[in-house]
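Protein chains: 2
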Amino acid sequence: MLTNLPARVTITEVGPRDGLQNEPAPVPAVAKIAFINALADAGLTQIEATSFVHPKAIPQLADAEEVCRGLPSRAGVTYSALAPNLRGYDRAAACGVRRVAVFTAASETFARRNINMSIAESLSAFEPVLRAARGDGVSVRGYVSTCFDCPYEGAVDRRRVLEVVRALLDLGVDEVAISDTIGTAAPTDVVATVGYVLQHVPRERIALHFHDTCGTGLANVVAGLELGVTRFDASAGGLGGCPYAPGAAGNLATEDLVYLLERMNISTGVDLRKLVAAARGIHEAIGGGFPSRQMRRLEAGRGT
Amino acid sequence: MLTNLPARVTITEVGPRDGLQNEPAPVPAVAKIAFINALADAGLTQIEATSFVHPKAIPQLADAEEVCRGLPSRAGVTYSALAPNLRGYDRAAACGVRRVAVFTAASETFARRNINMSIAESLSAFEPVLRAARGDGVSVRGYVSTCFDCPYEGAVDRRRVLEVVRALLDLGVDEVAISDTIGTAAPTDVVATVGYVLQHVPRERIALHFHDTCGTGLANVVAGLELGVTRFDASAGGLGGCPYAPGAAGNLATEDLVYLLERMNISTGVDLRKLVAAARGIHEAIGGGFPSRQMRRLEAGRGT
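Order-wise, the sequence lines are chains A and B.
Count along the first sequence starting at 1, add 12, and that's the number in the numbering used here.
Count along the second sequence starting at 1, add 12, and that's the number in the numbering used here.
Don't read these hints as lab results, they were simulated from the structure.
Idealized CB from N, CA, C, for every residue including glycine.
Take the hints with a grain of salt, since some may be wrong.
Claimed, not checked - Partial selection, computed: residues in chain B whose CB lies under 8 Å from chain A:
#	residue
1	D186
2	P199
3	A231
4	M276
Stated by the list, open to error - Okay, the calculated bits of chain B under chain A, using three or more residues with CB under 8 Å as the criterion:
#	segment
5	171–179
6	200–211
7	216–229
Said to hold, decoys possible - Quick list of the computed label-pair ranges, beta carbon to beta carbon:
#	chain 1	residue 1	chain 2	residue 2	range
8	B	E35	A	E139	53 to 61 Å
9	A	P18	B	D102	49 to 57 Å
10	B	T15	A	Y164	27 to 35 Å
11	B	E311	A	R178	37 to 45 Å
12	B	R146	A	G299	56 to 64 Å
13	B	A87	A	M13	35 to 43 Å
14	B	E311	A	T121	21 to 29 Å
15	B	R81	A	A19	53 to 61 Å
16	B	G147	A	M13	36 to 44 Å
17	A	R124	B	G240	43 to 51 Å
18	B	A37	A	P40	34 to 42 Å
19	B	A87	A	N128	54 to 62 Å
20	B	D102	A	R285	43 to 51 Å
21	B	R275	A	Y164	14 to 22 Å
Just chain A, with the same shape it has in the complex (with noise of 0.2 Å):
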């Protein structure tokens, strides 16, 4: 066991994103920039900024222009936007965003409440993003929520996983998110659900989603490097949740992420210290929070 982990996982970094859209009052454009420019300084390459869903939906995000337009542009750092269709592609396009996600559903009721489609409805919903993102040279990725649990209908099954996710990839999605919305799976699930959706799609095509509401989400990533998924997601300072997801209680930390990785000689190009002080100047910008792991590990001067 644990004899076949890959040399290198590449992360992607949700907090900008899944994190703030959840906080109860909305972050300054200039702390969500600062915010992502501290992430990139600290080696992420692949970093979720905002999203283009419309401004009364999700008001936290309203400022998506202005923080896409205010990123530097960086050698190797790719920030993407959710685009849920294609108004908001439109929107991500003309501020330079060269990389967008949609987002989808493995459970029906969970569609419906979370972005008012059924799940056939958001991908007839994707066509038009997705060919407009072809002819702009625009990479994009598919999220599926709600893979293992849904909070509606619980247990989700795996062959419903595995349609939709072929859905997105026959879309033309280059990178399927698996998502455990509510944080409820087990490394016994990831087993059963993942290692079943990789019997039928490239493992380079998968990235794994965890939330760690239940503690679970390091010990689920363990099991998807051992299916050989080499793509996760994260969010510094575990900042996040989904707003429609009840029991949804923050994202993986990416603290959490890199220092378990880092520690079995995983590499992921991110220097913990400088990620924990990036999640730091976003829980002094947001007023608080709980602190991750790492922040209160490392700031009191205890790391190894």
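We have chain A already, so just place chain B on it with the hints.
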């Protein structure tokens, strides 16, 4: 992977001792007894109730006699107590304690700072304890601290861990808890060190004691399960740490462990809601602390 999991795991609950010994203000004995009773009500069968160290060393546990005498005898429940030397053992035995624990380390510097003895001296000090226990029919557990990293010496040689584990078993302890005292280990470390020990020692004699300082606690449990270990320590509410171990912050929360195991179809015999109620009770008695994940989740009515 994860195909050969045990059907059942035994949890040793260490919150009343390892948790409460670190609280700044002593907790009244009556609150400790209520906590232990609530833990037994939740289904925990192995509960480390207190420590018979010198009251000046850990004033928080100076009421060891009162606590032990206040615990009702319950079928299937074993209360244990630390007995670092013959004097402590005699105090424990006088209260009717039927299971004691001795405490050493795999790192010399940590042993000297934590128990003020070399490892060899500690093993010698245990001899009369083991002899008396054998005579009384009292069972003895052994702890080995700092089996992965030492806060003073850094990485600990797994051969040293095996030596100390073997020495304890040779002395007559029935179970050795291999402890990640500062909570820095990752699953690869568990495989390297515990896997090595298990090449030489029956797995039935080994328990694993993880701290969750870096969020790797459950991932390490899964690695232990895959190695065939079926005994794990945890602390209700995630209480505790180690006053002599800089950077140690919080035992693995029993709630997190129970959630993981039950989700993986491994029976613990523990009722998660009752366990969270027990954790809430002691949190109120100590006046706060960080709630564990399951405390936040289940108390918000979000458990499934």
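Verification of the supplied hints:
The criterion of a C-beta within 8 Å of any C-beta in chain A is not met by D186 (chain B), whose closest approach is roughly 27 Å, and the hint is violated. With its C-beta approaching chain A no nearer than about 5 Å, P199 (chain B) sits inside the 8 Å limit, and its interface hint holds. With a cut of 8 Å, the hint placing A231 (chain B) at the interface with chain A holds, because the nearest CB-to-CB distance is about 4 Å. For M276 (chain B), the suggested interface contact is upheld, since its CB lies about 5 Å from the closest CB of chain A, less than 8 Å.
Only residues whose beta carbon comes within less than 8 Å of a beta carbon in chain A count, and the segment 171–179 of chain B has 0; fewer than three means the coverage is violated. Counting residues of the segment 200–211 of chain B whose CB lies closer than 8 Å to any CB of chain A gives 3, so the stated coverage by that chain holds, three being the minimum. Residues of the segment 216–229 of chain B with a Cβ under 8 Å from some Cβ of chain A number 6, which satisfies the need for three, so the listed coverage holds. Checked against the given bound of 53 to 61 Å, the beta carbons of E35 (chain B) and E139 (chain A), roughly 59 Å apart, stay inside it.
Checked against the given bound of 49 to 57 Å, the beta carbons of P18 (chain A) and D102 (chain B), roughly 55 Å apart, stay inside it. Distance hint for T15 (chain B) and Y164 (chain A): a CB-CB separation of about 31 Å, consistent with the stated range 27 to 35 Å. A beta carbon spacing of about 39 Å between E311 (chain B) and R178 (chain A) agrees with the range 37 to 45 Å that was offered as a hint. As the Cβ distance of R146 (chain B) to G299 (chain A) is approximately 59 Å, the hint placing it in 56 to 64 Å holds.
Between A87 (chain B) and M13 (chain A), the C-beta spacing of about 38 Å keeps the proposed range 35 to 43 Å intact. Evaluation of the 21 to 29 Å hint for E311 (chain B) and T121 (chain A) yields a pass: the beta carbon distance comes to about 25 Å. For R81 (chain B) paired with A19 (chain A), a C-beta distance near 58 Å keeps the hint of 53 to 61 Å intact. In this structure, G147 (chain B) and M13 (chain A) meet the distance hint of 36 to 44 Å, their C-beta atoms being roughly 42 Å apart.
Separated by about 45 Å at the C-beta atoms, R124 (chain A) and G240 (chain B) satisfy the suggested range of 43 to 51 Å. The given range of 34 to 42 Å is respected by A37 (chain B) and P40 (chain A), whose C-beta atoms sit roughly 41 Å from each other. Range check, A87 (chain B) to N128 (chain A): about 55 Å between beta-carbon atoms, so the 54 to 62 Å window is met. Under the hint 43 to 51 Å, the C-beta atoms of D102 (chain B) and R285 (chain A), about 49 Å apart, fit the expected range.
Against the hinted window of 14 to 22 Å, the Cβ-Cβ separation of R275 (chain B) and Y164 (chain A) comes to about 19 Å, which satisfies the hint.
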